[in-house]
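**Q** Each chain, letter by letter, is given below.
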Amino acid sequence: MDGLIGIDDPVDGIDLASPEAGPKRARSLHARHAALDAASAQLRLLDGLPLADGDFDATLERVGHVGGLRPAALEFFQINVGKLCNMTCRHCHVDAGPDRVVENMDRATVDACIAALDRTRAHTVDITGGAPELNPHFRHLVDACVARGKHVIDRCNLTVLLLPRFRDLPEWFAERGVEVVCSLPHYRQRNTDAQRGDGTYERSILALRRLNAVGYGRGDPTRVLTLMANPSGAFLAGDQSKLEAEWKHGLEREHGVTFDRLFCLNNMPIARFLEWLVETDNLQGYMERLTNAFNPGAVDGLMCRSTLSVSWDGRVFDCDFNQMLDLEAQPEGARSTIFDFDAEAFARRRIVTERHCFGCTAGAGSSCGGSTS
Amino acid sequence: MDPYYKPEHLPHFGDIGQGAPDLGRKFFDYYGAVFAQGALSEREKALIALAVAHTVQCAYCIDAWSTGALEKGADLEQMTEAIHVATAIRGGASLVHGMQMLEHVKKLGM
Chain W
1 MDGLIGIDDP VDGIDLASPE AGPKRARSLH ARHAALDAAS AQLRLLDGLP
51 LADGDFDATL ERVGHVGGLR PAALEFFQIN VGKLCNMTCR HCHVDAGPDR
101 VVENMDRATV DACIAALDRT RAHTVDITGG APELNPHFRH LVDACVARGK
151 HVIDRCNLTV LLLPRFRDLP EWFAERGVEV VCSLPHYRQR NTDAQRGDGT
201 YERSILALRR LNAVGYGRGD PTRVLTLMAN PSGAFLAGDQ SKLEAEWKHG
251 LEREHGVTFD RLFCLNNMPI ARFLEWLVET DNLQGYMERL TNAFNPGAVD
301 GLMCRSTLSV SWDGRVFDCD FNQMLDLEAQ PEGARSTIFD FDAEAFARRR
351 IVTERHCFGC TAGAGSSCGG STS
Chain G
1 MDPYYKPEHL PHFGDIGQGA PDLGRKFFDY YGAVFAQGAL SEREKALIAL
51 AVAHTVQCAY CIDAWSTGAL EKGADLEQMT EAIHVATAIR GGASLVHGMQ
101 MLEHVKKLGM
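Sequence lines, in order, name chains W and G. According to this note's numbering, the first sequence is numbered sequentially starting from 1. According to this note's numbering, the second sequence is numbered sequentially starting from 1.
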C-alpha cells in the first residue's frame with residue numbers, strides 16, 4: 001500500500017502495536033481469526049436470538065413508518081478512511097487496531113470521495129476510522145473539504161495526538177476550524193480505562209489539555225471540542241444534556257479541562273462489542289434492553305436518514321454500522337461505489353435495516369451526532 | 001424448588017397495578033416524579049436509591065438501580081461509596097444504640 005503507517009512502518013520509530021503508541025484493551029477479531037470477524041456471522045448471531053419484538057421493520061411499521069426507513073436530505077458525508085488504529089478498545093464496532101494495515105483508503109479513493117462530495121449538498125464531512133489521522137492522505141482530505149467550505153469533523157481517539165508525528169495536529173486543526181469529536185467513555189478514570197485500556201484516561205486528559213491550549217473547548221464556534229461517550233458495558237447511554245453538565249463540572253474541577261458539548265451514544269451489538277456481549281453472557285439481555293427501550297421519537301433523527309457513509313475501499317453505505325456489517329446501501333437502480341456515485345439515485349433509496357438498528361432507536365436515540373430525540 | 005425471587009418480575013412490575021389500578025398509577029407516577037431531576041441530579045438520586053436498596057436488601061431494587069446508576073453516569077467507585085454510606089449508617093445505628101445499653105449498665109451497675 002502507498003505509504004501506510006502500520007506495524008511494518010513505524011510512526012517515528014514507534015511500533016503502533018506497542019503499548020507506547022496507544023493502550024490496547026483487546027486484540028482485533030481479525031488478528032485472532034475469530035469467527036465473528038465475518039460480518040455474516042455477526043448478522044446470523046443477532047438474527048438467531050429469540051426476541052419478542054425483534055423485527056426492526058415491523059417495529060417501525062407499528063409507529064407509522066410503513067415501507068421501511070426512507071432518507072431525509074443528505075447533510076453528512078461520512079468517510080471511514082480505514083481500520084488502522086493505535087488503540088484496540090474492547091467495544092470497537094470497526095474492529096480497528098494496529099494490525100489493520102490493509103483496509104485503509106488510498107489516494108484515488110480519497111479523491112473520488114471529494115469529487116462525489118461536490119455532487120451533493122452535504123454541509124459536513126465527517127472523517128472517521130480507525131484513527132483517521134493515521135491515513136497518509138488525511139491532511140489532503142481535510143484541506144480539500146475545508147477549501148470547499150465544508151464543516152469538517154475529525155473523530156479522534158485523543159491518544160493519537162500524543163504520537164510524535166501528530167503533535168502539531170491540535171494547532172493544524174485550529175487553523176482550519178476542524179471540529180474535533182473525541183472518544184471519552186467517562187469523565188472519571190475507571191470506566192474509561194476498562195473500555196479503552198489502561199493509561200487511556202491519563203493520555204486523553206493530556207490530549208484534551210493540548211486542544212484546550214490552542215483554543216478548543218472554550219465556546220469558540222470555529223474550534224469546537226465535542227466529547228463522545230458510550231457506556232462502558234451492557235447498559236444504555238444516559239441523558240445527554242444532564243450528563244454533559246456533570247462531565248463539564250467533573251473535568252474542569254479535577255483536571256481544569258473544558259469542552260463544548262457531549263454526545264452520548266449506545267454501544268452497537270457489532271464486532272468486538274458483540275463478542276464481549278457473547279463472552280459475558282450479556283447478549284440476550286442487552287438486545288432485550290434495546291428492543292424494550294425502542295423510542296418512536298428517535299426515528300426521525302436517525303443519522304442514516306441524513307448520512308452517506310463511504311468505506312476505505314469506496315463502497316457506499318447508509319451508516320458506519322451498516323458499513324461494518326457489509327450491508328451496502330441499496331439506491332434505486334444499480335448499486336454504485338463512490339467512483340460512479342449517483343446522488344439522485346442514492347436519495348431515493350430505502351435504508352437497509354437489521355436488528356442492530358435497535359441500538360440507535362433505544363432510549364434517547366443514538367447516533368454519531370449524539371441522541372436523536 | 002422455584003426461587004422466591006425471579007428476575008423476570010422486575011420488567012413486569014407494572015402488572016402490580018392489576019389489583020388496584022388507581023393506586024398503581026399513583027405509585028408509578030409518584031415514583032417517576034421522585035427520580036426526575038430536581039434540586040438533586042438524576043445521578044445523585046440513583047446513588048441514594050442504590051444505597052437504600054442495599055439497606056432494605058431488595059434484590060429487585062439492587063438489580064434495577066445498579067443499571068440505573070450506571071445509566072445516569074455513575075461509576076463503580078461512586079456506587080461503592082454510596083453503599084458504604086448505607087453500611088456506615090446501618091452499623092452506626094447499632095452502635096449508637098449502645099448508648100442506651102451504656103445507660104442501663106450505668107443505672108444497674110455499681
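If you are wondering where the hints come from, they were derived from the structure by calculation, not from laboratory data. Among the hints, erroneous ones may be present.
Said to hold, decoys possible - Below are the DSS-like pairs computed for lysine-lysine, each with C-alpha atoms no more than 30 Å apart in a straight line:
id : chain 1 : residue 1 : chain 2 : residue 2
1  : W       : Lys248    : G       : Lys45
2  : W       : Lys242    : G       : Lys26
3  : G       : Lys106    : G       : Lys45
4  : G       : Lys106    : W       : Lys242
5  : G       : Lys26     : G       : Lys45
**Q** Take a quick look at whether Lys106 of chain G and Lys45 of chain G sit within 30 Å of each other, Cα to Cα.
**A** Since the Cα atoms of Lys106 of chain G and Lys45 of chain G sit roughly 42 Å apart, the hinted pair is violated (cutoff 30 Å).
**Q** For a C-alpha distance cap of 30 Å, please report whether Lys26 of chain G and Lys45 of chain G respect it.
**A** Holds - the C-alpha atoms of Lys45 of chain G and Lys26 of chain G are around 20 Å apart, at most 30 Å.
**Q** Given the hint that Lys106 of chain G pairs with Lys242 of chain W, test it: the Cα-Cα distance must not exceed 30 Å.
**A** At roughly 54 Å apart (the allowed maximum being 30 Å), Lys242 of chain W and Lys106 of chain G break the hint.
**Q** Does Lys242 of chain W pair with Lys26 of chain G here, judged by a C-alpha cut-off of 30 Å?
**A** This hinted pair holds, its Cα atoms lying about 26 Å apart.
**Q** Would the pair Lys248 of chain W and Lys45 of chain G pass a check requiring their Cα atoms to be no farther apart than 30 Å?
**A** holds (19 Å)
Checked against the numbered hints above, the structure breaks hints 3, 4 and satisfies the rest.
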